[in-house]
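S.K.: Now for the letters of each chain:
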Amino acid sequence: MSTAPVETQKPAKITVQGLRKSFGANEVLKGIDVQIGEGEVVCIIGPSGSGKSTLLRCLNKLEEISAGQVVVDGFDVTDPKVDINEVRRHVGMVFQHFNLFPHMSVAENIMLAPVELKKATKAEAREQALKLLDRVGLRAKADARPASLSGGQKQRVAIARALAMSPGIMLFDEATSALDPEMVGEVLQVIRDLADEGMTMVLVTHEMGFAKEIGDRVVFMADGVVCESGPPSELFGNPQQERTKEFLSKVL
Amino acid sequence: MTQEDERDLKTPVSTGHSWPRVRALLGVVLGLLLLLGGVGSAMAQTSDSGVEGKTFVIGTDTTFAPFEFRQDGELTGIDMDLIRAIAESEGFKVEIRSLGFNAALQALTSNQVDGVIAGMSITDERKQVYDFSEPYFESGIQMAVARNNDDIKGYEDLKGKTVVAKTGSEGETYAKSIAGKYGFTVKSLDQSATMVESVKSGSAAAVFDDYPVLAYGIAQNSGLKAVTDKVPGGSYGFAVNKGKNTALLGAFNDGLAKMKANGEYQKILDKYLADPTAAAPSTFWDLLVKSFPALMSGLKNTLLVTIISFAVAMALGLLAGFMKISRNILLRGIATTFVNVFRGTPLLLWAFMFYFGIPQLIGQPINIWVAGVLTLSLNSGAYVAEIVRGGIQSVDPGQLEASRSLGLGYGKSMQKVVVPQAFKMMTPSLINQLIIMLKDSSLLLAIGFAELLYQGQQIYAANFRVTETLLIVGAIYFIAIMALTKLANFADRRFNK
Chain A
39 MSTAPVETQK PAKITVQGLR KSFGANEVLK GIDVQIGEGE VVCIIGPSGS GKSTLLRCLN
99 KLEEISAGQV VVDGFDVTDP KVDINEVRRH VGMVFQHFNL FPHMSVAENI MLAPVELKKA
159 TKAEAREQAL KLLDRVGLRA KADARPASLS GGQKQRVAIA RALAMSPGIM LFDEATSALD
219 PEMVGEVLQV IRDLADEGMT MVLVTHEMGF AKEIGDRVVF MADGVVCESG PPSELFGNPQ
279 QERTKEFLSK VL
Chain B
-2 MTQEDERDLK TPVSTGHSWP RVRALLGVVL GLLLLLGGVG SAMAQTSDSG VEGKTFVIGT
58 DTTFAPFEFR QDGELTGIDM DLIRAIAESE GFKVEIRSLG FNAALQALTS NQVDGVIAGM
118 SITDERKQVY DFSEPYFESG IQMAVARNND DIKGYEDLKG KTVVAKTGSE GETYAKSIAG
178 KYGFTVKSLD QSATMVESVK SGSAAAVFDD YPVLAYGIAQ NSGLKAVTDK VPGGSYGFAV
238 NKGKNTALLG AFNDGLAKMK ANGEYQKILD KYLADPTAAA PSTFWDLLVK SFPALMSGLK
298 NTLLVTIISF AVAMALGLLA GFMKISRNIL LRGIATTFVN VFRGTPLLLW AFMFYFGIPQ
358 LIGQPINIWV AGVLTLSLNS GAYVAEIVRG GIQSVDPGQL EASRSLGLGY GKSMQKVVVP
418 QAFKMMTPSL INQLIIMLKD SSLLLAIGFA ELLYQGQQIY AANFRVTETL LIVGAIYFIA
478 IMALTKLANF ADRRFNK
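Taken in sequence, the protein lines are chains A and B. For the first sequence, my numbering assigns the number 39 to the initial residue and increments by one for each residue that follows. For the second sequence, my numbering assigns the number -2 to the initial residue and increments by one for each residue that follows.
Chain B extracted, bound-state conformation (with noise of 0.2 angstroms):
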């Protein structure tokens, strides 16, 4: 069944959830993509009768607090709560996926997941494909200035400032259609906390947000105050595929309109949106301690996603390599193609392809670690190849004939006279590949890895202490690439002296 919500046509054009346009862009890429590839809805269905006793796959945001974040770990937030709440009033069961809002999208496009609650405002456009819930949270933007400043009180007192927006948010919508009027002029950044940072630390005068998000980091202390009314916004809803999974839908609004009716609803707003007053700002030492566990197990994914991809990349790196010199001008062709496509693309790109992309068309979700990992190592794999390739040809091409005269093979002499010359020469440029690779791992926090930054952004969406969190978090590497360095010369000097 279908929800058409009088009040959600009657909103001006939403932007919907606050994400960076380059996602939403990305997507409609993609789904290009998935229609010229054809695959399209062939995965698990879900029966349309009854929901009790069975489990649905819930796909969701990575970090959006108030609505979604990690809490030491575990997967929290008014989303969250709200649908396991719901699921337990109902009957059925959840199994959440905490994709990333666009990797959600997809995902529920593919049937890949059940429904989706990700703080998604209901949209004219996302109801061509989705079907949505009743609105479970009426949204709205509001301005923020540093919690020491009171020269700011409203619109008026913005001439000649720069106020800071979530790109592609109703907050930067709003805050641009009445930049005119006020005289202010409106940046874009891409995530609350790094916002929140604009503002606290001067560069911005102002912040435009949704109000939750605005009030959850007030809650947490992030340094602000609100000094706006809230203007009326879109609302969220739950969404399914169209035309499908009707039940659960169903059993959503039912759950819904009986947490309102008996207060649960509001319980949980009021635990996440409460007032200010409670937080205590805590020591950096407490930060620390606190954040430990989570970051070492970022460093330890961030450890061994590179140390799959080195070992990837080294035998790509060497196949493309001797590829490269090969007398077949096909075997040449197909790695110099290989080289200069990943060179010639962004590791990011790749990203993003691995893990939205190929799932589309393949219509099978992609493990992140494959993804990362296909990510890192092809990349790395076109600068080792070229490595090896100069590496090899650095050697005296009387040593392959030395060995050539005595009667050994082509491989053989590779192997036991030009290649370990070439190793030698070529290690100082592979260390430095491995810790370049072990740096541009962090990238795959843009797909939800759970890598060292990643962990130290899920920590800061949460408590809004970002310059500290980040100097740990570069602490950690700079250990880590330090001792990777000084491990990777004790190799270098013991095999290659």
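The shape of chain A in the complex, shown without the other chains (with noise of 0.2 angstroms):
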């Protein structure tokens, strides 16, 4: 299994060396090398089980790290001193279902982590959620509750909410894969959007239009490693290895 060279021009904003990970006797990850420099759209594709998912959880230590080293915006993940909370205040997550809280308001699920992690008062906080649902298109439901909202606006509220501690990376963990055809595409928008500002980014998606358009780097994985990698035009128009044109051949 050879793994492709994976090499960055820009500075390393997160560094990923020998990672495995495994769900008891079920080894996911088989060691894993990726970096991924500031401002860089990195956008992980691969068939469903290759652990590309469990990748992404692994840069905010979702789940636990079995064996390698993770370094995220100058933080080592993997060691047991580091506060992982504070680490995650620099990294925005979203989900493939959401996962709003729907016990608060709009406007609350954005202020929650400001209040309570104590970077701003309620008003300041509850300022700063009116601007991040601007920019999401949503300033109208900031008192709706979750519930009340489409798939699409529920995931745009997500990614507001994860901007709200101005976190320098985003990961995005099929972001769009449980929202109806129709809503896919004011989600991919304001992710466009962030790509423009210049946001790290990491995508676990299976819009491959989407990867194509907007990702610096496509990373193909396959059963647990790093199959192939490269900018999207090299790696959709002409790619190097038999597994990653199998894929691709199915999905395009």
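Hints were generated in silico from the structure; no laboratory data involved. Think of the CB as a built atom: it goes at the ideal place given N, C-alpha and C, for glycine as much as any other residue. Any given hint could be a false lead.
What the hints assert, rightly or not - The calculated label-pair distances, taken between Cβ atoms and stated as ranges, are:
#: 1; chain 1: B; residue 1: 394; chain 2: A; residue 2: 287; range: 33 to 41 angstroms
#: 2; chain 1: B; residue 1: 422; chain 2: A; residue 2: 272; range: 46 to 54 angstroms
#: 3; chain 1: A; residue 1: 62; chain 2: B; residue 2: 487; range: 41 to 49 angstroms
#: 4; chain 1: B; residue 1: 394; chain 2: A; residue 2: 204; range: 44 to 52 angstroms
#: 5; chain 1: A; residue 1: 135; chain 2: B; residue 2: 422; range: 54 to 62 angstroms
#: 6; chain 1: A; residue 1: 204; chain 2: B; residue 2: 436; range: 26 to 34 angstroms
#: 7; chain 1: A; residue 1: 62; chain 2: B; residue 2: 426; range: 30 to 38 angstroms
#: 8; chain 1: A; residue 1: 62; chain 2: B; residue 2: 330; range: 34 to 42 angstroms
#: 9; chain 1: A; residue 1: 287; chain 2: B; residue 2: 491; range: 35 to 43 angstroms
#: 10; chain 1: B; residue 1: 330; chain 2: A; residue 2: 85; range: 50 to 58 angstroms
#: 11; chain 1: A; residue 1: 204; chain 2: B; residue 2: 346; range: 37 to 45 angstroms
#: 12; chain 1: B; residue 1: 425; chain 2: A; residue 2: 290; range: 49 to 57 angstroms
Said to hold, decoys possible - Cross-link-like lysine to aspartate or glutamate pairs, in silico, DMTMM-like; alpha carbons within 20 angstroms at most:
#: 13; chain 1: B; residue 1: 413; chain 2: A; residue 2: 124
#: 14; chain 1: B; residue 1: 239; chain 2: B; residue 2: 147
#: 15; chain 1: B; residue 1: 409; chain 2: A; residue 2: 124
#: 16; chain 1: B; residue 1: 413; chain 2: A; residue 2: 181
Said to hold, decoys possible - Facing chain A, according to a computed beta carbon distance under 8 angstroms, are these residues of chain B, among others:
#: 17; residue: 399
#: 18; residue: 401
#: 19; residue: 402
Dock chain to chain to rebuild the complex, using the hints, since each chain is given by itself in its own frame.
M.R.: Have a look at this one:
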């Protein structure tokens, strides 16, 4: 199994070395090496069960790391002395199923972290929440309950919530997979805007077209390893690995 | 000074005071615990010389009419009148503690009371551990039937019939001793009042009980009549701990002798055992009005003990519930043990344990409220822990992940995100638990906690109107629980919208 070299010209924002992750006897990540530079947008693609989401979840330690090293924004998240909560404030995460807090209003969802982590007073946090809602085009829904929103709206609120602590990195875990097709566009537009602003982003996605359009680099994973990675034009236009060709022939 | 009454030694094995064997057994177990704990007589000692001007703590039963019972809230009866009169004539003071028969004896053993007067038979077994006064009452067994029953006039009319007697009492022993000869069956019950009801309702043909108990009931319109001569039984005595309080015992004997001589003694007996003709039946309304204050005070105690216990159970249950989902194996183990122990043992056992058992071990009486709250809250806490665990586990794990991914710690995430959602799901179960607790609090009557059903028992033990009293008590419980349910559901809608 060959691992294509992963290199980047920009200073590294995320460095993953020899990352292994097992669930019981099942090894899901079998030694991953990836570097992601500042301002880079990296899309991870691959068949289901290849370990894409697990890799993403290791970056902010939602999964315990079995072996290897993950350095995010200068913090070694595998070091038990590192305050993982501090690291997570620098890393926003958006989930497939939104995971909005149903007992809070839209604005309260966004205000929770800034207020509880004493980064802002309630008034300041609300001010900021409204600005974030402006960015995702949902200011009018500030006082609505999540249950009253459409899927696309929910995911836009979730993105606004992830941005509330002004993270330097955003992680998207299949952010459009649970959406009805007509709602995918509005969410992708928000992500596109973030990319244009220079946000460092890692996206696990099934939207190949979007990965091609937005990604500075595409990483193809299969069976717990990085099979191939490169600029979208190369990876989609001229894949080097058999496994990659086979996958792309199925999804494109 | 010890009184070794000749007559007592000749008395055949007496089962003594009429109480359930369960309690006697418990007493034995607790006695063993006491021995094991090595906590003996280390408590209040009273000087052995002279009694004048001193105050003695006297333990007694809660209800054993006509010897001790409550009338309009006041403790009264032959024992009470007797000890108060003797105290007055001998110049000492008494502080009566209505503990329940078994608890009174335990308290005497551990010197928490100075003496016990509780319609207690003098037996050889008891003489091993207590010193008894001269007998102050000669008891005996009598058989009674329903007032309108003209078929049964003696034992020979009992063939093929069922009679009732009180568990562990002399009446039971006697009835069983002649059951074969006359061909009847003996069924054992726990309370005088329920025995009377059995006979009146026809489920038993006759009752065998201590004659003063029957006589008092008949005087109170229990609806029975005595049909046989009394069979001589045990003698009742006043007891102090072995070798202790000899002056008090002496004073009791002295006072008793004086009262017998001047006729005071007979007056007291007549007051409670007089002929039934006097008592007139009263209406249901009279009963309701008369019993209402006592029942309301019972309801107040029921509600108060439930509310306090539920608050404690919530705190315990939240703690144990969180411990159960903790990653720490020790915390999980502790919580699981707690839940298993209190879900796996009867509530009543813990009531006895906290009120009778633990005090023996630590040599300190435990306040009945403390014992009651411990009993209810530990039991309920185990159930609340499971409700909490289930509630938290029913919240989508993605909620915790989302909160943690924002940089909130585990505790904050639980507090702000998971628990509010879990609580919403737990509310109906918690309301249910509260209502179960309110009903279970009635079990505390077994340790003499003056809650609603206990007050009802006290009332029908004195007036024998079991059905009507229970109906009133049931209606009060029902109304209280309906009100509580409405209130809880209102709060649920209000806070968990």
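S.K.: Taking the hints in turn, state whether each one holds.
M.R.: Hint by hint, here is what the structure shows:
Between residue 394 of chain B and residue 287 of chain A the Cβ separation comes to about 36 angstroms, which falls inside the hinted range of 33 to 41 angstroms. About 51 angstroms separates the C-beta atoms of residue 422 of chain B and residue 272 of chain A, a value consistent with the hinted range of 46 to 54 angstroms. Roughly 48 angstroms separates the CB atoms of residue 62 of chain A and residue 487 of chain B, a value that falls within the hinted 41 to 49 angstroms. Between residue 394 of chain B and residue 204 of chain A the C-beta distance comes to about 27 angstroms, which lies outside the given range of 44 to 52 angstroms.
As the Cβ distance of residue 135 of chain A to residue 422 of chain B is approximately 19 angstroms, the hint placing it in 54 to 62 angstroms is violated. At roughly 55 angstroms, the beta-carbon separation of residue 204 of chain A and residue 436 of chain B lies outside the given 26 to 34 angstroms, and the hint is violated. At roughly 33 angstroms, the beta-carbon separation of residue 62 of chain A and residue 426 of chain B lies within the given 30 to 38 angstroms, and the hint holds. Against the hinted window of 34 to 42 angstroms, the Cβ-Cβ separation of residue 62 of chain A and residue 330 of chain B comes to about 23 angstroms, which falls outside the hint.
Checked against the given bound of 35 to 43 angstroms, the beta carbons of residue 287 of chain A and residue 491 of chain B, roughly 59 angstroms apart, lie outside it. In this structure the supplied range 50 to 58 angstroms is violated for residue 330 of chain B paired with residue 85 of chain A, their Cβ-Cβ distance being about 42 angstroms. For residue 204 of chain A and residue 346 of chain B, the Cβ-Cβ distance of about 59 angstroms falls outside the hinted range of 37 to 45 angstroms, so the restraint is violated. Judged by the Cβ atoms, the range 49 to 57 angstroms given for residue 425 of chain B and residue 290 of chain A holds: they are separated by roughly 52 angstroms.
Restraint check: the Cα-Cα separation between residue 413 of chain B and residue 124 of chain A comes to about 18 angstroms, which is no more than 20 angstroms; the hinted pair holds. At roughly 49 angstroms between alpha-carbon atoms, residue 239 of chain B and residue 147 of chain B are farther apart than 20 angstroms, so this suggested pair is violated. Between residue 409 of chain B and residue 124 of chain A the CA atoms are separated by roughly 14 angstroms; this keeps the pair inside 20 angstroms, and the hint holds. For the proposed pair residue 413 of chain B and residue 181 of chain A, the alpha carbon gap of about 18 angstroms is at most 20 angstroms, so the pair holds.
Using the Cβ-Cβ criterion of 8 angstroms, the hint placing residue 399 of chain B at the interface with chain A is satisfied: the shortest such distance is roughly 4 angstroms. Using the Cβ-Cβ criterion of 8 angstroms, the hint placing residue 401 of chain B at the interface with chain A is satisfied: the shortest such distance is roughly 7 angstroms. At a threshold of 8 angstroms, the smallest CB-CB gap from residue 402 of chain B to chain A is about 4 angstroms, leaving the interface hint in force.
Of the numbered hints listed earlier, those contradicted by the structure are 4, 5, 6, 8, 9, 10, 11, 14.
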